[in-house]
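Each protein sequence line maps, in turn, to chains Y and U. So the mapping is simple: my numbering equals the position in the first sequence, first residue as 1, plus 469. So the mapping is simple: my numbering equals the position in the second sequence, first residue as 1, plus 743.
Since the hints were derived computationally from the structure, they do not count as laboratory data. Computed from a prediction, not measured in an experiment: that's the story for all the values here. One should not assume that every hint holds.
Stated by the list, open to error - Just some of the chain U residues that point at chain Y, by a computed CB distance under 7 Å:
| no. | residue |
| --- | --- |
| 1 | 765 |
| 2 | 768 |
| 3 | 782 |
| 4 | 783 |
| 5 | 785 |
| 6 | 787 |
| 7 | 794 |
| 8 | 802 |
| 9 | 803 |
| 10 | 804 |
| 11 | 837 |
| 12 | 839 |
| 13 | 846 |
Idealized CB from N, CA, C, for every residue including glycine.
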Amino acid sequence: EPEVTQTPSHQVTQMGQEVILRCVPISNHLYFYWYRQILGQKVEFLVSFYNNEISEKSEIFDDQFSVERPDGSNFTLKIRSTKLEDSAMYFCASRAPGTGEGGEQYFGPGTRLTVT
Amino acid sequence: AQSVTQLDSQVPVFEEAPVELRCNYSSSVSVYLFWYVQYPNQGLQLLLKYLSGSTLVKGINGFEAEFNKSQTSFHLRKPSVHISDTAEYFCAVSDPDGGSQGNLIFGKGTKLSVKP
């Protein structure tokens, strides 16, 4: 069964460093999302992406964050200068075309980012 | 803006007992409602969803949920749980009229622990 994959599973970085979290969505999906979950808190929406551009972003997704689909398979989240409060589990998700806003989002296993 | 409340952070239950995991959402004209499950070291997996129609929704692994518009609730139930149901369960909503791409708003999650 097709699945969303994410690398790395765990990333440790120092404050102020740039990190890139990578996701490979399911191959025929066209809608892509990033969510994050700070330990003990809710899963929070960060950004949605369709047709090579951001569809919507939350207040969390400030100028330090960017997303890119550099080729036909990868979907990346970059944090330009990490802060301690960026430490969280980051989930990528994708959704098939034609499924509408109620369509199932398929989630990856997450990348745990630890900023020291 | 939509919000989701899962009142119980942890629910311990014995094997073969019934369970109900509670979810309430903030009022809106229309919503899409979802329950996701997360097993250890895995991504979020869709259990079931309500988009429209019958208020009783059946999902995978014997789970069901009932949409109650007057009480703005979408509680998840299973009549007899198994050890393998031990996981974290997330309730989520999206706003079909919000012009978004189905971005999900999550609750904080409920950890179900099934004991033998």
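message: A closest beta-carbon separation below 7 Å is what the hint needs, so does residue 846/U meet it against chain Y?
response: 5 Å, holds
Just to be careful: measuring from the Cβ of residue 783/U to every Cβ in chain Y, is the smallest value less than 7 Å? With Cβ-Cβ at 10 Å, over 7 Å, it is violated.
Subject >> Restraint check, 7 Å cut-off on beta carbons, for residue 794/U near chain Y >> reply: Result: holds, 4 Å to nearest chain Y Cβ.
ask   = With 7 Å as the cut and Cβ atoms as the points, is residue 765/U at the interface with chain Y?
value = 16 Å, violated
### Task
Return the status of the interface hint for residue 782/U: holds when the least beta-carbon distance to chain Y is below 7 Å, violated otherwise.
10 Å, violated
Interface restraint verdict for residue 802/U against chain Y (beta-carbon cut-off 7 Å)
Hint on residue 802/U: violated, closest Cβ of chain Y at ~11 Å, above 7 Å.
- Hint check, residue 804/U versus chain Y [nearest Cβ-Cβ separation less than 7 Å]: 15 Å, violated
Mind checking the CB of residue 803/U against every CB in chain Y and telling me if the closest is under 7 Å?
Interface hint status for residue 803/U: violated (11 Å vs cutoff 7 Å).
Query raised in the report: Can the hint on residue 837/U be confirmed by a CB-to-CB distance to chain Y that is less than 7 Å?
Result: Check passed: Cβ of residue 837/U comes within 6 Å of chain Y, closer than 7 Å.
Per the CB criterion, is residue 787/U less than 7 Å away from chain Y? 4 Å, holds
(Q) Next item in the hint list is residue 839/U. Is there a CB on chain Y closer than 7 Å to its CB? (A) Residue 839/U check passes; min Cβ-Cβ to chain Y is 5 Å, inside 7 Å.
### Task
Using Cβ atoms only, decide whether residue 785/U comes closer than 7 Å to chain Y, and label the hint accordingly.
6 Å, holds
When each numbered hint is compared with the structure, violations occur for hints 1, 2, 3, 4, 8, 9, 10.
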